[in-house]
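> Spelled out from the first residue to the last, the chains are:
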Amino acid sequence: MKRKLWLLLALTAAVGLALGAGPALAKTIKIGLIDCYSGPPSTYTNDVRDAFKLQMDKVNAKGGIWGNKFEIVTRDTKFKVDLGLSQAKELIMREQVSMLVGTINSALALALADLCQREKIPFFATFSKSAKISGEKGNRYVFQITENTSMIGKAAAAGLAKKPYVKYWIAGDDYEYGHAVAEGVWNNLKKLKPEVRLLGQSWWKVGEPDFTPYITAILSAKPDAVIVATGGRDCVPFLKAAQATGFNKKVPFYMHTATELATLRPVGKHAPEGVLGTSNYFFYHPDSAANIAFVKEFKDAFGRLPTVGALYGYITAELVTQAYQKAKVIDTEKFIDAIEGLTVQTPVGPVQLRAEDHQALLPMYMGVTKKSPKYDFLVADGIVTISPQEAAPDLEEIKKARGK
Amino acid sequence: MDLASHITLAALGQQLLVGLSRTTILFIVSSGLSLILGVLRIPNVSHGSLYMIGAFVTYSVATLIGGQTGFWVALAAAPVVVGLFSLAVERGIFCHLYEREHLMLLLFTFSLMLVLGDLVKLIWGSDYRSLSAPPMLQGSFSLAGMPFPRYNLFLLMIGPLVALGLWALTNKTKIGKIARAAAVDREMVAAMGINVSWVFAFVFCLGCLMAGLGGALVAPTQNITQGMDHTIIMEAFLIVIIGGLGNMWGALLGAAIFGITDSIGILVWPQFAIVFPYVAVTIVLIFRPKGLLKSTW
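Which chain is which? The protein sequence lines are A and B, in order.
By the working numbering, the letter at position 339 of the first sequence is numbered 355, and the numbering carries on one by one without gaps.
By the working numbering, the letter at position 266 of the second sequence is numbered 271, and the numbering carries on one by one without gaps.
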C-alpha cells in the first residue's frame, strides 16, 4: 500500500513538473499557410510561401518576438474551395493556429473571410484579387495584401485614358477574376473618358488551349484597342497566339499580368513586344538598394528570381512580425489593433495596411513588354508608377457596400 | 453592338480554317482514345495525361538539343517515348486486368491519371513551360487580308497525313486487320491461334502514341503545364461519344464538329462561344444517341 502511495506521489510530481515546465518555455505562434501549392497556380503561390518562410526564419533566428517563435504549418488546397475550407477548420481547431495566410482562389478567400470572422482569427489574403475581400465582404479579421480587381481597374483605366483609343473590345477568362478586372477597367475608363465605345466582348473558359480563333475573330471586328482580362496560366498561351497572329502589331492590347515575370519568363524571347500591362512588382524595378538586396536574398535561398508573389509573402511576414512587436502581447485583438494602419518598409518602398478596409496600399507599375539584351525573356519598359492613392478603392463606396 | 458588320465571308473562311487546325489536334488525340475504346473496351481516362507527357517530353527534348533540329527531333521522339512508356504500363499492369470487371479498369485508368499527374509534377515541377515553333513556322501570313498563323497551316497539313496513316495501318496491314477483328470478337481471334494479348498491347501502345503526338504538336502553341490533361480528356471523350465509340472516322467527324462550331461560335456570338460545341454535342446526342457513325461496341 505504502509503495503504491509513493508511486502515485512520484507520478503526480512528474506530471506537475511537465506541466509547469510548459509555460516557462516560450510560446510558439502557429501560422497556417493555406493555398494551392500544386497544379498551375503554384507558379504564383510557391513564391508567396517561400518569401514568407524566409522572412519568418530570419525572425526566429534572432530569437523570435519577445522570445516567441513562429511555427508555420502548410496545407495544399488543390484550388478546391471545399477542401480548403475543411483544411482551414482543421488548422484552427486542431493545430490551433493564430492566423491564416494564403489563398490564390478568390472564392476560397471569401469563404475564409467569413470563417475567420466567426472564429476571430486573422486571415491574410495574399494572392486572391477579388475586390470583395477588402470591399463589401471585408471585416475586422480579413486583410488583403495583393492589389485587388478594383485597384487593377483604376490603374489600367488611368493608363488607357491617356491613349487615343476609342473603340474597345473586351476579352477574358469566364470567371470571377476575368469579369471583375474587365468591369473594373471598363467602368473606370468610361468615367475618365466618356467617348469610349465597346464593340463587343469574348469570354473563354479557364484553361482555353488555343486562342487563335478568338484573336482572328477580334481582329475582324477592327477595334482600336483590346482589354484582355485573363490571368494565371492562360496568359502564356494568349501571348503566344498573339505573337503567332501578329495581334500586338495590328491592335494594341492591355493585359494586367502581361509584364509579370511569371508570365514572360516561360514564353522566352518569342513573347510579343509592345503589350501594355500592370504589376505590383518587378525584380529589376525599382532599382533601389532594398529591392536589390531582396532579390539577392531570395535568389540565394531558392535559386530563382522572385516574382510578384514573393513581395506579397514578404509584406505579410513584415506586417505580422511588426504588429506583434507593436502589440507587445500575444493577443489577437491587440494584434489587429496594432496592424491596422501599420506601415512597413518593403522592396517597393513603404507600404501601409489601410486601417479602414484592411487593404495593403501597394504602388502599381504600368509598362510595355520589350526585349532586353540582359535577359532571355522580355521585360517591362517605360514603367510608369501609379501611386497607391490613385489606385486605392474608394472608402465611401466600401462603406456603402458593407452597410448593405 | 452591331453583330453582323464584322462577320464577312473572309472572316468566316478564316475562322473555318482555324477551326480545322484545332480539329487536327482533337482528332489525333481522340482517335487514339477511340482506338483503345474500340479494341480494348477501356475508357482510358489517363489518355489526357499521356498527351500532357507528350508535350513535356517535346519541351525537354527540344530544349536539350536546341534550335530548329531540336523541335523536329522532339516532335518525332515524344510520341515514341509516350508509346514505349504506355507499352510498359500495358505489359506491366494492364494486361493482368483485362478479365476484371469494367468498373475496375475504369478506376485503374483514373488512378493512373492521378499518378501520372504527380509524376509530371515531380519531374518537371509546377512552372509553366513554353516552347517556340521553329522559325519557318513562326508568325503568320495574310489570307484574304487576315493573318493566318503558319503553325496552324502546318497542323492543317499534318491532320490528313495522320488520318491517312491510321486508315492504312488499320485497313491495309495484317496487324491492323487482326486488331479490328479483335474489336468485334476477341474469343474468335484467339481461337484462330492469334495471341490477343499482344494485339491489345499493340493497339494500346498505338493509341497512346497518338496522345503523345497530339501533345507534341500543341507544345509550341500552348502553355505546357499541369492541367493540360483535364482540358483535353473531356473534349476527347465527347468527340468519341458523338462520333460513335471506337469508330475512327467518327472521331474525325466529332473533332471537326467540335473544332468548327467552337471557332465559328467565337466569331458569331463571342460572349457565349463556350457553349457552342456543347450545344452541338447535345443536338447530336438527342438525334443520334449512339453517335453519328456506327459504334464498335
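Everything labelled a hint here was simulated from the structure, so no lab data went into it.
Since the structure is predicted, the reported quantities are computational estimates derived from the model, not experimental observations.
Glycine included, every Cβ here is placed at the ideal spot set by N, Cα and C.
Warning: the hint list may mix true and false statements.
Claimed, not checked - Each computed DSSO-like pair below joins lysine-lysine, with the alpha-carbon atoms no more than 30 angstroms apart:
no.: 1; chain 1: B; residue 1: K182; chain 2: A; residue 2: K315
no.: 2; chain 1: A; residue 1: K96; chain 2: B; residue 2: K126
no.: 3; chain 1: A; residue 1: K221; chain 2: B; residue 2: K177
no.: 4; chain 1: A; residue 1: K96; chain 2: A; residue 2: K78
no.: 5; chain 1: B; residue 1: K295; chain 2: A; residue 2: K69
no.: 6; chain 1: A; residue 1: K221; chain 2: B; residue 2: K182
no.: 7; chain 1: A; residue 1: K390; chain 2: A; residue 2: K265
no.: 8; chain 1: B; residue 1: K182; chain 2: A; residue 2: K46
Unchecked claim - Away from chain B, derived, C-beta distances all over 12 angstroms, residues of chain A:
no.: 9; residue: Q112
no.: 10; residue: V252
no.: 11; residue: V360
Claimed, not checked - Distance windows between CB atoms, simulated:
no.: 12; chain 1: A; residue 1: E87; chain 2: B; residue 2: K126; range: 23 to 31 angstroms
no.: 13; chain 1: B; residue 1: I12; chain 2: A; residue 2: V89; range: 53 to 61 angstroms
no.: 14; chain 1: A; residue 1: K265; chain 2: B; residue 2: Q276; range: 25 to 33 angstroms
no.: 15; chain 1: B; residue 1: K126; chain 2: A; residue 2: A77; range: 26 to 34 angstroms
no.: 16; chain 1: A; residue 1: F318; chain 2: B; residue 2: G71; range: 52 to 60 angstroms
no.: 17; chain 1: A; residue 1: E211; chain 2: B; residue 2: G170; range: 33 to 41 angstroms
> Work down the list of hints and note, for each, if the structure agrees.
Tested hints:
Taking the CA atoms of B:K182 and A:K315, the gap is near 58 angstroms; set against the 30 angstroms cutoff, the hint is violated. Taking the CA atoms of A:K96 and B:K126, the gap is near 18 angstroms; set against the 30 angstroms cutoff, the hint holds. For the suggested pair A:K221 and B:K177, the alpha carbons sit about 41 angstroms apart, so the restraint of at most 30 angstroms is broken. Distance restraint check for A:K96 and A:K78: the Cα-Cα separation of roughly 37 angstroms exceeds the 30 angstroms cut-off, and the hinted pair is therefore not satisfied.
At most 30 angstroms may separate the alpha-carbon atoms for a hinted pair to count; B:K295 and A:K69 exceed this at roughly 56 angstroms. Pair hint A:K221 plus B:K182 does not hold up; C-alpha atoms about 41 angstroms apart against a cutoff of 30 angstroms. Annotation: proposed proximity of A:K390 to A:K265 holds, straight-line Cα distance about 24 angstroms (limit 30 angstroms). Note on B:K182 and A:K46: the hinted pairing is violated, with a Cα-Cα distance of about 65 angstroms set against a maximum of 30 angstroms.
No beta-carbon of chain B is positioned within 12 angstroms of the beta-carbon of A:Q112; the least distance is around 30 angstroms. At roughly 4 angstroms from the closest C-beta of chain B, the C-beta of A:V252 falls inside 12 angstroms, breaking its exclusion from the interface. The beta carbon of A:V360 sits about 29 angstroms from the closest Cβ of chain B, which is more than 12 angstroms, so the claim that it is off the interface holds. The beta-carbon spacing between A:E87 and B:K126, approximately 26 angstroms, falls within the hinted interval of 23 to 31 angstroms.
Checked against the hint of 53 to 61 angstroms, the C-beta distance between B:I12 and A:V89 comes to roughly 56 angstroms, which is consistent with it. Checking the proposed 25 to 33 angstroms range against A:K265 and B:Q276 shows it holds: the Cβ atoms sit about 26 angstroms from each other. Taking 26 to 34 angstroms as the suggested C-beta distance range, the pair B:K126 and A:A77 conforms, at roughly 31 angstroms. One distance hint, 52 to 60 angstroms for the beta-carbon pair A:F318 and B:G71, is violated here, with the actual separation near 26 angstroms.
Checked against the hint of 33 to 41 angstroms, the C-beta distance between A:E211 and B:G170 comes to roughly 56 angstroms, which is inconsistent with it.
Hints 1, 3, 4, 5, 6, 8, 10, 16 and 17 from the list above are not met by this structure, while the remaining hints are.
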